[in-house]
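Top to bottom, those sequences are chains A and B. What the first sequence shows, in the working numbering, is residues 1 to 233, in sequence order. What the second sequence shows, in the working numbering, is residues 1001 to 1301, in sequence order.
Please note: incorrect hints may appear among the correct ones.
[Unchecked claim] Here are the simulated lysine-lysine pairs, BS3-like style, with alpha carbons at most 25 Å apart:
| hint | chain 1 | residue 1 | chain 2 | residue 2 |
| --- | --- | --- | --- | --- |
| 1 | A | Lys106 | B | Lys1172 |
| 2 | B | Lys1172 | A | Lys152 |
| 3 | A | Lys6 | A | Lys152 |
| 4 | A | Lys70 | A | Lys106 |
[Said to hold, decoys possible] Over the 10 Å line for every Cβ pair with chain A, so calculated as not near, a few chain B residues:
| hint | residue |
| --- | --- |
| 5 | His1165 |
| 6 | Trp1166 |
| 7 | Leu1281 |
In short, the hints are calculated from the structure, not lab data. Bear in mind the structure is a predicted one, so any value in this text is a computation, not a measurement. No residue lacks a Cβ here, since even glycine has one placed at the ideal position from N, Cα and C.
Spelled out, the chains give:
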Amino acid sequence: MILSIKNLSVNYGLIPAIRNLSMEVGQGETVALIGANGAGKTTILRAVSGLIKLASGSVVFDGQDIARLKSHLIVRRGMSHVPERRGIFANLTVYENLLMGAYIRKLLPGDLDEVYSLFPILLERKKQIAGTLSGGEQQMLAISRALLSKPKLMLLDEPSLGLAPQITKSIFSIIQKINKAGTTVLLVEQNAQAALKISHRGYVLEVGEITHTDTSEALLTNDAVRKAYLGDH
Amino acid sequence: MLQAFLQNIINGLAQGSVYALVALGYTMVYGVLQFINFAHSDIFMLGAFSGFYLAKWLTPIVPNPLVLLLATILGSMVFCVTVGLTIERIAYRPLRSAPRINVLITAIGVSLFLENLGQIIFGADPQVFPALIATKSILNTGGLVLNNIQVLVVLVSLVLMVVLHWIVHHTKLGTAMRAVSFDIEVANLMGIPTDTIIIFTFTIGSALAGAAAILYGLSYPKIEPLLGTMIGLKAFVAAVFGGIGNILGAAVGGIVLGLAESFTVYYISSSFRDAIAFGILILILLFKPAGLFGTFRREKV
Ligand SMILES: Nc1ncnc2c1ncn2[C@@H]1O[C@H](COP(=O)(O)OP(=O)(O)O)[C@@H](O)[C@H]1O
Ligand SMILES: [Mg+2]
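Excised from the complex, chain A in its bound form (with noise of 0.2 Å):
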């Protein structure tokens, strides 16, 4: 496993937000984090990232328990973590966001064509202020900027939070393709049809507590899960 997650809770002043939690991600998956809107799921992100304090349990990354560590050497032992609404730095170019996501590492001239050759459009943009680029164009951006500290665990936020479904397919289509190239995904969607589809196993967030767990295969056919998350009634 390549993180686990054992017993992890997390309170917002007095209020819980995740309860007595644990998960799993193997090395090479691409796990599905779904849920409602409040369900918790940043929340979880955000506490594997050193962004907000554990109440109490334990955060494994690579073998190491990583839950007291600075978000920053986190990013350093090889996760890298697409916040919620992309976290894009718009006042920098998009060429200065790509130096920012290589901030650990040297970049390397190959790093930047890989991410041009995913993402075409950046190598277009490159000089732009990258607050001027659209929702999908700045998600692009985001993911490029975190494959850039050549992660080994990557972290999603909802990566279609406000894309159009063209948009968000060749978006998802791309994290497969980046999960075949070997790095791990951990996938939080409210879009839980796209998430399970590019996904190997997935994990049901009800308010702050996991309610269904299995391969994403047989969570799309769960009749609970489609009633709840897939707009079957």
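Could you slot chain B with the ligands onto chain A? The hints should help.
Relative to chain A, chain B with the ligands alone:
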């Protein structure tokens, strides 16, 4: 008429570039930490005094005035950086996750501390800043006076601002500084060590204040421990005018304020010299509170 106008431009530029250098320190620290470093004005004051003592000590040893000047500027910059980083380390860093108001109050406390310490160490009486370079008039035609000190002040400021621009826009650290000031959390997710970037920011801001202090001492050779108060306030106004957090804004704000002061003194009255800064502050807060180049950032959830 034209001579008077040009004369005011010259005086305003010389004064304004000192404001600009100090304003940059306020705006950069605000950019990364969202608080006003009130102690910045006292770092400026300490820069002036460190230059004062350094110049006294160096004058008999260093015959070349240009070398003496550069050494004094560099010495003051180094001293200010030391002070700035010490303040950051012991007063601000422990409050990194505290409410901003706590940091603000601490900054005021540090400022008062330095001002009182200054009065104990240097005495409350003004001291005469040594003339590192003899004042020579370069131009004196038809009532238009331009001296070497004015040229020097503007040139040194210009060089420092160009260097700053290069650092901020063409180095990895500078880019990271802009990233941190846009979104410190996402910067963390890139693996950017934000404490390092904050130290870097204080270093640059303090160094500029140190240089500004010497340029000020050359132009107005009377320094005292409360020296920073008025300059600091004006530089702060300049930073707000340009849009606090905006580097270009601070530079432009400083120059505009210097020019405004110079014209006000000439065309209205010298008793309005200090009032104009606050007039500008009130106007900008009324009509464009985000400042000339500023955009209020989206409040983060
Ligand atoms: N900064 C915060 N302060 C207080 N409560 C929060 C904060 N962030 C999220 N919450 C609450 O925690 C719960 C989980 O939120 P979140 O993790 O954002 O859910 P999701 O990403 O699944 O939509 C929600 O009830 C939300 O209101
Ligand atoms: Mg969320």
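Results for each hint:
no.: 1; hint: A:Lys106 <-> B:Lys1172; result: holds (11 Å)
no.: 2; hint: B:Lys1172 <-> A:Lys152; result: holds (24 Å)
no.: 3; hint: A:Lys6 <-> A:Lys152; result: holds (20 Å)
no.: 4; hint: A:Lys70 <-> A:Lys106; result: holds (21 Å)
no.: 5; hint: His1165; result: holds (15 Å)
no.: 6; hint: Trp1166; result: holds (14 Å)
no.: 7; hint: Leu1281; result: holds (25 Å)
Of the numbered hints stated above, none is contradicted by the structure.
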